[in-house]
Amino acid sequence: MSQVRILVGTRKGAFVLTSDSARGRWAISDPHFPGWEVFHITGSRADPDRLYASQSTQWFGQLIRRSDDGGRTWRAMSNKFVYDGEVGTHRWHWGDGTPHRWEFERIWHLEPSPADPDLVYAGAADAALFRSTDGGQHWAELAALRQHESASSWEPGAGGLCLHTIVLPPDDPDRIFAGISAAGLFKSDDSGATWRPVNKGLRSQDLPNPYAEVGHCVHHVAMHPARPEVLFMQKHWDVMRSDDAGESWHEITGNLPAGFGFPIQVHAHEPDTVYLVPIAGESEHFPPGGQLRVYRSRTGGGEWEPLVNGLPQRDCYVNVLRDAMTADSLEPCGIYFGTTGGQVYASADEGGNWTAIARDLPAVLSVDAQVLP
Amino acid sequence: MIRVVLPTHLRRLANVAGEVQLHLDEAGPATQRLLLDALEASYPMLRGTIRDQVTGDRRGFVRFFACQQDVSGEPPDAPLPGPVAVGQEPFLVVGAMAGG
Chain A
0 MSQVRILVGT RKGAFVLTSD SARGRWAISD PHFPGWEVFH ITGSRADPDR
50 LYASQSTQWF GQLIRRSDDG GRTWRAMSNK FVYDGEVGTH RWHWGDGTPH
100 RWEFERIWHL EPSPADPDLV YAGAADAALF RSTDGGQHWA ELAALRQHES
150 ASSWEPGAGG LCLHTIVLPP DDPDRIFAGI SAAGLFKSDD SGATWRPVNK
200 GLRSQDLPNP YAEVGHCVHH VAMHPARPEV LFMQKHWDVM RSDDAGESWH
250 EITGNLPAGF GFPIQVHAHE PDTVYLVPIA GESEHFPPGG QLRVYRSRTG
300 GGEWEPLVNG LPQRDCYVNV LRDAMTADSL EPCGIYFGTT GGQVYASADE
350 GGNWTAIARD LPAVLSVDAQ VLP
Chain B
0 MIRVVLPTHL RRLANVAGEV QLHLDEAGPA TQRLLLDALE ASYPMLRGTI
50 RDQVTGDRRG FVRFFACQQD VSGEPPDAPL PGPVAVGQEP FLVVGAMAGG
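Line by line, the protein sequences are chains A and B. What the first sequence shows, in numbering that gives the first Met the number 0, is residues 0 to 372, in sequence order. What the second sequence shows, in numbering that gives the first Met the number 0, is residues 0 to 99, in sequence order.
Same shape as in the complex, but just chain A:
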């Protein structure tokens, strides 16, 4: 019987939750890296025993650790993230045009290649994309993104000027999407040598030009590997869809109670089934009405149904962050998400019923699922 492993990054360490494929009983590991903020812990799809973790604290900076045995042991990899070439300025802060020099803060997201466990990308704040071809022993910046002609106009989102989303279409190893708050989505078709913004159709009401080419606060982007030309985006406001690999976008917010939220996730087997968690607004950062509800569309957006069975429907004021939702590849597909209140919820039936498989972890920053033979 196969095993499911859920990798959970939190404000105070990482946890590994394991179950058999029935997904009814879960064991929770002791904390890995206790005391460190683990913005992301993830596994390679090419080698599930290869894990990468990004840890940081204000005191001791950034670490990258890697496991080659599914998390039993870890070793420190290079944490030398150096901006390549000229280091320019971006705007600082919201609505303030003051130039601010690029400063490395932390790695938000690690994205291993779907085909090569030693090839891994790292998204940083201040916004930059790094790549390692040797399993994290060395990192090199794909500097053309940070040096894009629009970069001096980029402004941070509330979480900083962070590159938080990296999408690697499995059918084209030269194509990379990178999402930056609050600059927008960028696309490279030459392995990161050149970049261009792909934000046509996005509307951000607080911008001087709501349809500007850059300046949009992209929260997260999801893609189904079997249909890589279709992208789903949770934006600061609005849920969006592209059918042409980001070249144009149209809104699919539809009947959602709020267009705001952070994560967006595609079903493992159904490219038109999408999940997200609406949040009351940019200031509240909690569910509307204190009701924690996952919304699912089976039509690729526009029409959404609330999924509530097993989720708190009163007095719930947690948030679900952008990397804190995932799906497993079992049949039926399992969906998982973690909250800033330290719960990890799981559904073994595509979202129909939910169970808290961890209740009292530190605030959850990331959730990733692996199915092991």
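Careful: at least some of the hints might be erroneous.
Just some of the chain A residues that point at chain B, by a computed CB distance under 8 Å [unchecked claim]: (1) Q57; (2) W58; (3) F59.
Since the hints were made in silico from the structure, they are not lab data. The structure displayed is predicted, hence computed values, not measured ones. We put the CB at the ideal spot given by N, CA and C, even for glycine.
Please arrange chain B on chain A, whose structure you already have, making use of the hints.
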């Protein structure tokens, strides 16, 4: 021989239980820079956690104590206090109290 006391997070990272003992190969007086060079050579996983890997600047929330003094502001190439240089007193790397 120089003795170094690391904060808990860095002891765990370096997989050491107590004090770290270093032998500086350089001729001449022991300095903070030589001490940190030797520390990072023995424990490469500590690179970047105490000082910036490019500029060499001490991280903002890391302090250095020795002989009951805060020596964080001492120039990196100034000689270490005598008792530290001969191993009578440890050199303490401390995570600053900040954030509650």
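Consistency of the hints with the structure:
no.: 1; hint: Q57; verdict: holds (6 Å)
no.: 2; hint: W58; verdict: holds (4 Å)
no.: 3; hint: F59; verdict: holds (4 Å)
In this structure, every one of the numbered hints holds.
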